[in-house]
Structure formats: structure tokens, C-alpha cells
Amino acid sequence: MNIAYALIIAFLLPLLGFGILVFFGRRIGEPRAGYLAAGLIIASAIIASGSAVSWISRGQENRIPVSISVPWIYVGSQPVELGVRVDSLTVVMFTMVTIVSSCIFVYSIGYMHGDKRFPRFFTYLSLFGFSMLGLVLANSLLGLFIFWELVGICSYFLIGFWFEKDSASNAAKKAFIVNRIGDFLFFVGIAIMLGMTGGVNLEGVFAKVREGVFAGHGSLLTFAGICLFFGAVGKSAQFPLHVWLPDAMEGPTPVSALIHAATMVAAGVYLVGRIFPVFTPTALLFIAHIGVITLFGSALIAIVMTDIKRVLAYSTVSQLGYMILALGVGGWVAGLFHLITHACFKALLFLGSGSVIHGCHGEQDIRKMGKLHGKMPITSITFLIATLAIAGFPFLSGFYSKDAMLASMLAFTWTHGSHWILFILPSLAAAITAFYMMRVYLLTFHTTAKDEHIYHHAHESPKVMWIPLALLAALTIGIGWFGAMPERKAMGGGVYTYEGGRGLVGLIAEAQPRWAVSWQMAENLKSEKGEVSHQVFHTWATIVASSAMAMGIIFAFLVYSLKLISAQRMAERFWPIYNLLVNKFYMDELYRATFVAGVLKLAAMGKWIDKNILDRIADGSARWVVRWAFFSGLTLDNRGVDGAVNGAASLALAGGNFARKGQTGRVRNYVLAMATVVAIVVLVAGFVVR
Amino acid sequence: MMNSTWLLTWIIFLPLIGMGVLLVVPKKIIRETALTFTLATFILSLLMIPHFQGSSLQISGKDYQDGFKLVNVVPWIHSSGFNIDYRVGVDGIGFPLVLLTTLICFLSCLASWNISKGIRGYFILFLLLETGMIGVFTALDFFLFYVFWELTLLPMYFLIGIWGGPRKEYAAIKFFLYTLLGSVLMLIAMLWLYFASNYNGEHTFSFIHLSMPGVLPSYASHQTMWIVCFALLYVGFAVKIPVFPFHTWLPDAHVEAPTPISMILAGLLLKMGGYGLLRVSYPVLPHAGAAHVVAWVLGILGVINIIYGALCAMAQTDFKKLVAYSSISHMGFVLLGIGLLTEAGFQGAMFQMIAHGITSAAMFFLVGVIYDRVHHRDITRLGGLAGQMPIYTGLSIVGFFAGMGLPGLAGFIGEIYVLLGSWQAVVLGPMGARVLTVISASGMILTAGYILWAIQRVYLGPPKPEYANTPDITLREICVMAPMAVLSIALGVLPWQTVFTFANGTLVHVLKLLPSG
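Just so you know, the sequences run in chain order Y and R. Position 147 of the first sequence, counting from 1, maps to 147 under the working numbering, and the rest follow consecutively. For the working numbering, add 1000 to where a residue sits in the second sequence, where the first one is 1.
Treat the hints with caution; some may be incorrect.
[Said to hold, decoys possible] With a cut-off of at most 27 Å between alpha-carbon atoms, the simulated DSS-like pairs for lysine-lysine come out as follows:
1) Y:165 with Y:584
2) Y:116 with Y:208
3) R:1117 with R:1062
4) Y:116 with R:1117
5) Y:601 with Y:611
6) R:1464 with Y:165
Hint data in this document are derived by calculation from the structure and do not stem from the laboratory.
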């Protein structure tokens, strides 16, 4: 119970920072606004770490998930509560988010130095931290959705932080709208769940699904699962909604680190993990295939990108694809484990790239860099550590998590032979990952300096920036140690239990759903090929992953260090592929030509209909009534009474006048028309009433 | 001084007294006088709050008919076969709207400070308009309702037609005729219902009596009358909401109306339509409202409003017109929520009316602020204001995001309630309701699209030299905007405490009047 309150306090601290900074930010000024925001998030991190320590030390049997809710609203007569749920996964995520965020906040004090909106930056960062922590704690679908949207809006502010640049404001808008597409489906999923189960509380929804409220509506459950998953597709930048993420590089680099490591993109994977029990086998297969498309496609694009941040962006998309795929094939623990390790080394990579950009005075093109190792050794070493970790170098954190993921994929394909692609492509992508990451490292920090000007002026970043780098590097190295996957035992009836996990992995595994619509891993373990020990998969996964990594790194050395193969020549020889990749498979162009253009065309059509059809009908009928009134009022009367010819002339005149001025309207005429209408209506009314 | 029987009457007619006072006060203090009276009305309306404290039963009574509070009945016209009473009262539907009216009137009076032409006439009409609107939200006698309904028409016509922009005559007459068309049809329905009714042997105009079963001839035998009356009333209210295809008066009226009048128009006048549906159409003609064809028509029109309004908003280059079309889109949720007859939908529609009353007024005010400074509203020519007017931009972000339906702000709650409700609607069968819900939910994307695009074109981008010396928002303007910003947040975070606790019981009662199944 106490741990939940501790985490709630830790969660509210950034909100406090936001509240103070939004009103007094400018008065507080630089750098105190940064100290305030960073201080509060560090306080959160300390509270979270303390909670985590107490949580770990209390022994497995005492680590019972805690839920606290307060009543909020009734949708119809269905109560909706706001609350938090704390289990091992929450604790791990919360701690990770606060620690990584702390590093990024501190780093930002240095990076944003001298920016004219320095306090504003920390205002947004604080709100971002608050939203993300809320998302981690939320115990209901609606709570998730609320913080989900808040995270989205914070990313909008931060990506568009330098809003004077058109590219930045475009990227911000794009990020939010693309995310909204996912959110729209996420919301539909929530509506289905509320409609079928009568609640949005996660535990309640799971219980109802388990009781079988969807019995006979299996495809609806699949549909709901896919809708909910689409929320994650948007946030975690999966195909086909991945297009916003590379553009989001327009934000300041610490923002990229925050978005790509600890917060926003992590949210999608976290969501999939959280609502895992509602996914049907079909939905999971869908998830797996989305994951594999994403991870392979973006890895290919990453090879040809030349902007240091864009390479990292595509590598993020690719790594997220791994996680989604792992979750889709039932590797729940592996996927979330990779989420944690990835948060550390990707934050490190981004902050490292920020340090490089800072040192090179804003240059982001890796083709213009080189030999920076001597100029900025700390950045270089930490960047190398992160590069090796993401490539899966043995005994670094990425090695363990990637190994676990590949093992789960192998286990899945072992029995579901027709889905062999779910293991082959990730293995290939592992080699590609090692290659493009090594490429970035070599081009940036070694090989010859191509732009003398940049080289001469490059410098190491200040202490406030490299200390976070060092801390993250330590985490990148050590976070995967002392862990062991637990053994799963089937209890029958779709229920499972876990034994023997250790360390971080064991802790995550404790939160693993003990029940699911379908547990694909378990099915495939006792297949027609007989029981296979999970250890075998791990062994093979290790062999595959390590050889892929080695191949990738060696190839990168051959191309960029030893120059035995010319990248230029390769690009020329395979120019169709190269063009396809440089243009990111033309996805942006495709969307622009279809969806964006389509919506704009529809919008223009709506405007046209209003102006040329509806208004014309309205104006036309008004004009017609007035003309009719003139006819009856002037022609008939005058002729009848006076028999004068003048009447006809004046009618022609008046009618002509009116036809010209009908639009601007003569009040007198309209009132006349109106009176006629009223008279008719009263007559009709009298008739009807009688 | 006054006992609570007359409280509502005081609230209704205090602006009218102010109008009389305005006739005689010296020109120098006209604004202050008008502001004093709107403020006094607002404070007076706050005195209603204690009557709506307590349990749900205490707030909304056992049935729809006994949920009315502060009822004041005075015999009015009882001759030549007419039984017309001055009968006012509020329940959970009317009460929040009266509070909204007095608040928005006060704020838009404050926003009227820089009106310079004919201020005496302006404020006189302004106060007359306020009386009319409060009257509409409190009248419990159909005839009285109709009188107040028409009473809002005239001042609005002149306020647009005299104090408006370049095409003010056209806009004013268009507004007038459209509304008149609706109210004439409403008049027919009113008389028809009156002469058909039989309450203790007499005809009645009272909404309370009309909503009792047996007062009107039964639906089974007089199906045509029910459906036709419902349709006539519907057109009257649909023009106000406004519902496609009766909506084209709205963008014109808004574009030409002065800022404070736009605030009132969007914030309050449109609510009269939704209120009419909840107060008149459904309680008086429940069986017609529950007919499949009615539910389908209203549901589909609601969806058209949401999507079509959003699309049209996206195509506009006039900032004010964009906001006007966003109102059409947002009011579509009101129609959808009411039309599909679910509890959540009713709640959502009611909440959306309040929330939209605040956010749309805020958005129109924000557009007005920039118009006052740069004297045009062409989005394509604006840009980069965030750097030059930071406080204004910050407030704008709150206002527009509240309209966009961002969680934690007012617009969100109404939308999700309506959508969650319509998903579960049974009246259209499972597939129909779900299809409508999914289509309208996709409006979320369009809304984000046009709002963010507008924000980008107005506030973001490189600063433009021609706006370099544009002064930031003034203290008076902050005083107008701040309450709306605060309320946007309050409604978004505490929807139950701010709205639902008052409205929920009554809405449930209205729903109970409808035949089930």
C-alpha cells in the first residue's frame, strides 16, 4: 500500500514543477528553471528507487500487486474510477522512466544553455514526465488513454519547441495527428471493452474476458485487441504509423532522447504488455507481423541515412519492432526486458549524438564529421558502449535482451513453421543493426575528418552533459547482469505460474499475466515435435545473434574503416534499392498523395457545397419569395386598383434592383417576405388546429 | 428581501431592469452600468446553487415532473380559451445552462469594452438578449418559452445587423429568417399540441403537464400527430443547433458579428437548440423520440455534423469562420448523444453543451483579440504570433486544445461520453450504432487536423515583421479569458462535481419517460 502512495507522490512532483514553471517560469529564469525541474524529477527518481529497493527486498511472496482507485465519473451507470496499480512491472518501468528522465533533464540544462525559451523547455519536460509516469501507473483503459493523449500533446510542444522553424512545427503537427489516428482506434477499442465488459478497469476487463463475455464474439475480441494495439502502433511508431518519428528529430536533441528512449515510444510497448491478456491468437499474430515489418524495413532505411539523429530514429523504430514482435510471439518478458535495456542505451545514444551536435555547433550530417574521438573522448567511449549494446555485443545489456527476444521468436517459429519469417528477418536485422550502428560510430568518431572547419572547432561537452552520459553508460553495461529467465509451468485451464526468475528479468516476469486468452508459447512448447527445453532456444538464439552481430560489425569495418568496399559504388550499383531506401519506401509521399490530399479535397468539397448549393438554395428561395411578394404586393394591387401602366415599369425597376441587391439584402423586403410567410403559416396553423 | 419563489424571476428580469436604467444613465458610465447588471445577474444566479445540493434524489426528485425547483407560477392569459401561465422553474438541465448564460453574458459584456458605435443601443439590446436567453432556459410554459425564444431573435438581429462587419445586413437577415423559419414551425407544433392536450379537462401549455402520460392522445392512435409535431419541433431546434443542412447561417452570422456577440451566439444561442430537444421534444413526445426512424435520422445527421463541420473547418482561411465550423462539428456530438437515447449519450450531450459554451466562447474571444490588433482574420497572412504575443498564445493553446477534446480539458468529457454511449445504443441495433460511433470517432482525427493546422499557421512559424509591434493581451482581456480557461480545466478534471451531479438525475428521468425497448 505504502509503495503506491510513494509512487503517487513521485508522480505528482513533475506536475508541481510544471505548475510552478508555467506561471513563474520566466521570472525564475535560466538556469534555475532547469535546476527546479531536474531537482524534482531527481527527487522522483530517488523515491522511485527507494520504492523499488523496498519492493525487491520484501520477497516474492510479499510482492502483491496493489491497486488504489478513487471514484471519478459514471459513464451512463457504469462507474469509471481513476486509480493506480503497482506491480513489479510498474515499479521497474517507473524507476527506469524517472532515472532516464533525470539524466535527460540534467543534460538539458547544459544542452539548452542560452536558449531564449529555456524555462519554457523545462515546463514542457516536467509535464511530459508527469504524463508518462501517469501512464505507467494507470490501472484502467481510460486512465491510460488520458495520459496517452497528454504524452502526445507534450511531444507536440517539445517537437515543435523551435516553432520558428517550419520544419519543426510541421513535424510537431504530423506527430500529433499520426498519433491521433492510433488514438482513434485505441478509443474504439475502449468503447468495445466498456460495452462488453461494463467497465474500463484493467483487472475488471481481464476478469470479464476470462469469464467469457466475448463467448460467441471471438472476432469482436480480436477486433478490439487490434484496435487497442493500434494505439501502440501510433505511439511506438510501428508500421504503418511510423512516419512521424523520424521527423520528430526536429525537436531539441534531449527531446529526442526523451521521446525515443524513456517515454513516448515506450508507452506503446508498455500498453501492449499491460493489456496482453485480451489479445486473441489472431490479434497476437497480427501484432507479430506488424512488428517484423517494422523492424526489418526501418533497419534497412537506417543504413542509408546520413543525419546522425535520423539513423538513431530509424534504429529506434526498428528496436521497437523487435519488442512488438517479441510480445506478439508470446515473449512477454523478453519484449519488456528489451524495453528497459533499450531505454538506457538509446537515451545514451541520443544524448551522445546531442553532445556531438553540440560540439560540432549544430552539424548533424555524419558525412561531414570524423576523427572526433580525439576531440571528445568521453562522448566517444560512451557512444561506443551504447553502439555495442544495441548491436548485441556479449555481456552488455542489449545482448541479454536481444538474446531473450530471439529465443522467443525461435521458439514460436519452431512450432509455427509457416511463420519462419518471424525468426529469419529479426536475425538478419540483427546483423544490419550492428552494421549501421558501427557505421555511425566509425564515420563520426574515427575515419578521416571531411570538414576541416567542423573538426577544428569541435570540443567536448561540459560536465553537466557528460555526467549523465557516464551514468547511462554504466546502466547500459550492467543492467542485464544478474538476471535469469524464470521457468513457466502450465497449471491447466489457461493458467500459468512462474518459478525461479532472478534479477531484473525475474522481477519483470513476476508481473507477467498469469492468464491469457491464448498462450502461444505454451502451446508451441509441447508440440508434435515433443517437449523442447527452453534452454535449447536460448543457446541457438545466442549463437545466431552473436554471429549476426559479428558479421555486421566486421562488414562495417570493411566498408568504413578499411575501405575495402566502397559504399559509394554499392549505392550506385544497387541504385533502385538505394533510392527506395533513401526515400523511406516513399511512405510519406504515398500518405501525402492519398490521405492528406484526400482529406483536403473533401474539405474543399464541403466548403464548396456550403457556398454553392446550400447557400444558393437559401438565397434563391428568399429571392423567389421576395419576387413573389412584389408581384402580389405591387403588380396585382396596383394594377387591380389603379390599372396604371406605371406599375409595370416600377416593378421592372424594383425587380431589377432586387435581383442585383438580393444578396446584401434590403431589410424592408425581407420583412415583407417574412410577413407573408407568417401569414401563410398562421393560416395553416389555424386550419390544422381546428 | 426576496424569497426563493421569486429568485428566478429576478434573475430573468434583472437585465431588463438594467435596460431601463441604461436608458437614463449618462453616456460615460453606460459600460460600467451594463457590466454591473450582468455581474449582478451572475451573482444572483449563483444563489440557485444551494437548491441543487444534496443527494441525487434531492436534486432531481423522484420523477421528471417533480424535479423542478424555484418554480414560480403566475396566471397570465386566461381568456378566449387560452390557459397561459407565467411559469418558470429550473431542473438539472436548465440550471447549468442558466449559470452558463449569466457567466458568458458577464464575460462578453466585459469583452464589449471596445465597442464604440452607439453603445447605449448596443448594451440595451445586449441586456434584452440576456433576459431572452435566461427566459428560454427557465420557461416551463410553452407559450412563455416561445415568447422568450422570439425575444432573443430581435436583439440578435440588430446586434449583428448594426454592429457587425462588412456583410452584416446579409448575415443578420439570414440569421433572422432561418431562425424564424424554425420558430414558425415550432409555433405550429405548439398550437397543435396545446389543442390536442387534455389536462383535467383543459388544454395546457405547461411542459410539466404535457410530459405526463395521458395528457396528449396516445401514440398508438395518433402516430402521425406525434411524428409530425416532433419533426416540426426538430426543425425549430435544428436551425439553432445548427444541424446540417440548416447550418449555413452560422458561419455568416459569426463572421459578421462583433466578437462579444459571437461569444454569445456560439456559447449560448446554439445551446437553445439542444436544450429544446431535451426540454420539449423528448419529454413531451417520448414515443416519437424513441421511434427508429427518428433515432436514425438524428444519429446520421449528428455524424454528418461532426464530420462535415470538421471538413469545412479545415478548408477555411478565415480564422473566425474556421471556429464557426468547429462549432457545427462540436454540436454534432450533442445531437448524436441525444438522438441515440442512451444515458451516457444524454450525459455527454448535456456536458458537451456546457463545455462547448465555454470553449467556443473562448475561441471566438481569442479570434477577436487578434482581430482587434491586426484588423484581419486571414489565416494565411497570420503567423509567428507565439514569439510576439506569448501570453496570448498560451491562453489560446488552452482554449483551442479544450475545443479539440484533449483529456484534462472540457471538450474531452463530452465527446467520450457521447461516443461511449452511442456505441452501446440499442435503438439502432448493434451494427448501426457501432458504425455511426466509429465514423464520428474518426472526427477526432479531423478535429486535431484543423485545430493544429490553424495553430501552426497563426501562432507558429517565423515571426512576421508586420506584427512585430503587436501588443500582447491586455489585463482586461485576460480577465475575460482566464475564467474560461480555468473552467475548461475544472470541467475536464472534475466533470462529475461541476456538471453531472446536477444534470444526471434529470437526464435519467427524461430517459425514463421514453418507452423502453
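TODO: Run the structure past the numbered hints and jot down the numbers of the failing ones, going up.
DONE: Numbers 2, 3 and 4 - these are the hints that the structure violates, sorted from lowest upward.
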